[in-house]
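Q: Given the coordinates of chain F, work out where chain S should sit on it, guided by the hints.
Number of protein chains: 2
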Amino acid sequence: MKIVITVVIILILACSATGQTSQASAKSEKTLTANEAIEQIKAHVGVPWQEPTVDTFKAGDPQTRVKGIAVTMMATLDVLQRAAANGQNLIITHEPTFYDHLDNPAQLPQGEDDAVLKQKREFIAEHHLVIWRFHDYWHRRKPDGIEEGNVHALGWEKYQDPANQYLFTIPESTVAKLAEELRAKLHAAVPRIAGDREMKVTRVAFSPGSAGFRRETGALEMPDVQVLIAGETHEWETVEYVTDAHTEGRAKALILLGHIGSEQAGMEECARWLRAFVTNVPIEFVPTADMWAPPANSKPAR
Amino acid sequence: MKIVITVVIILILACSATGQTSQASAKSEKTLTANEAIEQIKAHVGVPWQEPTVDTFKAGDPQTRVKGIAVTMMATLDVLQRAAANGQNLIITHEPTFYDHLDNPAQLPQGEDDAVLKQKREFIAEHHLVIWRFHDYWHRRKPDGIEEGNVHALGWEKYQDPANQYLFTIPESTVAKLAEELRAKLHAAVPRIAGDREMKVTRVAFSPGSAGFRRETGALEMPDVQVLIAGETHEWETVEYVTDAHTEGRAKALILLGHIGSEQAGMEECARWLRAFVTNVPIEFVPTADMWAPPANSKPAR
Chain F
1 MKIVITVVII
11 LILACSATGQ
21 TSQASAKSEK
31 TLTANEAIEQ
41 IKAHVGVPWQ
51 EPTVDTFKAG
61 DPQTRVKGIA
71 VTMMATLDVL
81 QRAAANGQNL
91 IITHEPTFYD
101 HLDNPAQLPQ
111 GEDDAVLKQK
121 REFIAEHHLV
131 IWRFHDYWHR
141 RKPDGIEEGN
151 VHALGWEKYQ
161 DPANQYLFTI
171 PESTVAKLAE
181 ELRAKLHAAV
191 PRIAGDREMK
201 VTRVAFSPGS
211 AGFRRETGAL
221 EMPDVQVLIA
231 GETHEWETVE
241 YVTDAHTEGR
251 AKALILLGHI
261 GSEQAGMEEC
271 ARWLRAFVTN
281 VPIEFVPTAD
291 MWAPPANSKP
301 AR
Chain S
1 MKIVITVVII
11 LILACSATGQ
21 TSQASAKSEK
31 TLTANEAIEQ
41 IKAHVGVPWQ
51 EPTVDTFKAG
61 DPQTRVKGIA
71 VTMMATLDVL
81 QRAAANGQNL
91 IITHEPTFYD
101 HLDNPAQLPQ
111 GEDDAVLKQK
121 REFIAEHHLV
131 IWRFHDYWHR
141 RKPDGIEEGN
151 VHALGWEKYQ
161 DPANQYLFTI
171 PESTVAKLAE
181 ELRAKLHAAV
191 PRIAGDREMK
201 VTRVAFSPGS
211 AGFRRETGAL
221 EMPDVQVLIA
231 GETHEWETVE
241 YVTDAHTEGR
251 AKALILLGHI
261 GSEQAGMEEC
271 ARWLRAFVTN
281 VPIEFVPTAD
291 MWAPPANSKP
301 AR
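Chains F and S supply the protein sequences, listed in that same order.
If you read the first sequence in the numbering used here, its first letter stands for residue 1, the second for the next number, and so on.
If you read the second sequence in the numbering used here, its first letter stands for residue 1, the second for the next number, and so on.
I should point out that these hints are in silico values taken from the structure, not numbers from a laboratory.
Some clues are possibly wrong.
Here are a few chain F residues that face chain S, going by a calculated C-beta distance under 10 Å [as the list claims (entries may be wrong)]:
1. S210
2. L220
3. D224
Just so you know, even glycine gets a beta-carbon here, dropped at the ideal spot from N, CA and C.
Here chain F stands alone, though its shape is the one from the complex (with noise of 0.2 Å):
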């Protein structure tokens, strides 16, 4: 119901913004390109589209005909091969596709010449994908698309804060508990704790990815905050911080996620989002495997 009515108050929002009506949107969609749906994603989502951004195609050619979309947490190879089994050759990734946050893999000591740098883009070429980055937007939507489908995929709804939707008072767990519902619900292979896992708690910050020390901490410093979930940060940074705060005697704990399993159910619900706006071409959520998960397991969708 939740989401219904943000959709429809996103409609309004991106309508006045741009001027368009649902009737030209409707119009655009039966003869699909990437860049039309990419369009109406920018439309759609209710923040005025600005550079720089990483929200940019990383490869294939954008004027291709969509024939299905596929929308995950990072396009691995794996989630490649399954898109395009699927006959989805639009892929729509939350995090980067060649190793780096611009997506230059210029890092990479031997550059365009890395050998597997060169299958991946071999097999995007063979199979005509299309891959989109949809980060910094659906972050910036009101609500944070990636937050708004971790609150969905934990029942939290009701526990949300309503002038801040990263912080929740939750029914008293504990740390240990928490981080076991949060593993359960969030397919989180191996999530990690620092600080008292006994502790009681129930006031919680919940910070997807990977925000920097800065909004870490600044979570954490709010005196009623007592457990901060996150996907990755830096040991010498926020880690080392949270423990010495344990150290001193404060009810502060960390629990780590992984970046993927902090974020995943927030492209789940970007797919969820996207079938509301985009009726004409099958859009499915592929789920990226959690890389400390035993390839094994991970490998079907979950």
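A: Same frame as chain F, now just chain S:
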């Protein structure tokens, strides 16, 4: 035996570089200040000292008389408390004290008003501790002091490549068995594996800490390297790369030990190295608790 020879070589190098004699060095130890102790390190490390480096004093008065030296991986408050209780007032730490590579906690939203930081600074002041970081030059030393400690702890001297200290040819194992050996010998609480854990391995690259994408993929690009061991690294960079390499059918895997597990033995090595030329002050290795270990188990010295 190898260590003794190495120390002798370094002493010769250091003397030729600085013109100091070992008698002059012994004389200054009698009334050692923190600054004098660090000058001895600079003279013995065998690599000309150049700025900029993070190997600087981070807290306390360098003119403080040294009662005891604590050598550690990361100067967490827990480490500082144990060192102070042992009567050690000079702390030599490989990693930051104040949650930042440059030990400038300006990234904390509350800066110097941050409660966790303030309490740590107060503890340091009350106990008249002096903290100095030994990072860049302990790695730059030949051999890399961190890697030497890892090799010592693993008993891998005979497997080390004479041409590249970070490469090893070990008796045939599997990725999973190797991870278990590393967990046990390096006290890594939560090692994580990407790739095929049943893959047979003999050729190993061990890149301690967080060396970054370029160095890590440089190791993985070597055709014979089957598994990279590291501390921590970004999932959207090296981890995605090794996951793709695995999907392509290449014999590549990654074991992440956590930052502390991957470098701690290198600071135990540093304590041994220091004892060879700082002879009139007690020197102790104070292990940093692995941040992912349950605190109850990690408090006692390991």
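Q: Given a cut of 10 Å on the nearest C-beta pair, is the interface hint for D224 (chain F) held or broken against chain S?
A: violated (13 Å)
Q: Would the stated hint for S210 (chain F) survive a check requiring a Cβ distance to chain S of less than 10 Å?
A: holds (7 Å)
Q: Once the shortest beta carbon distance from L220 (chain F) to chain S is found, is it less than 10 Å?
A: Holds, about 8 Å.
Hint violations for this structure: number 3 only, all remaining hints satisfied.
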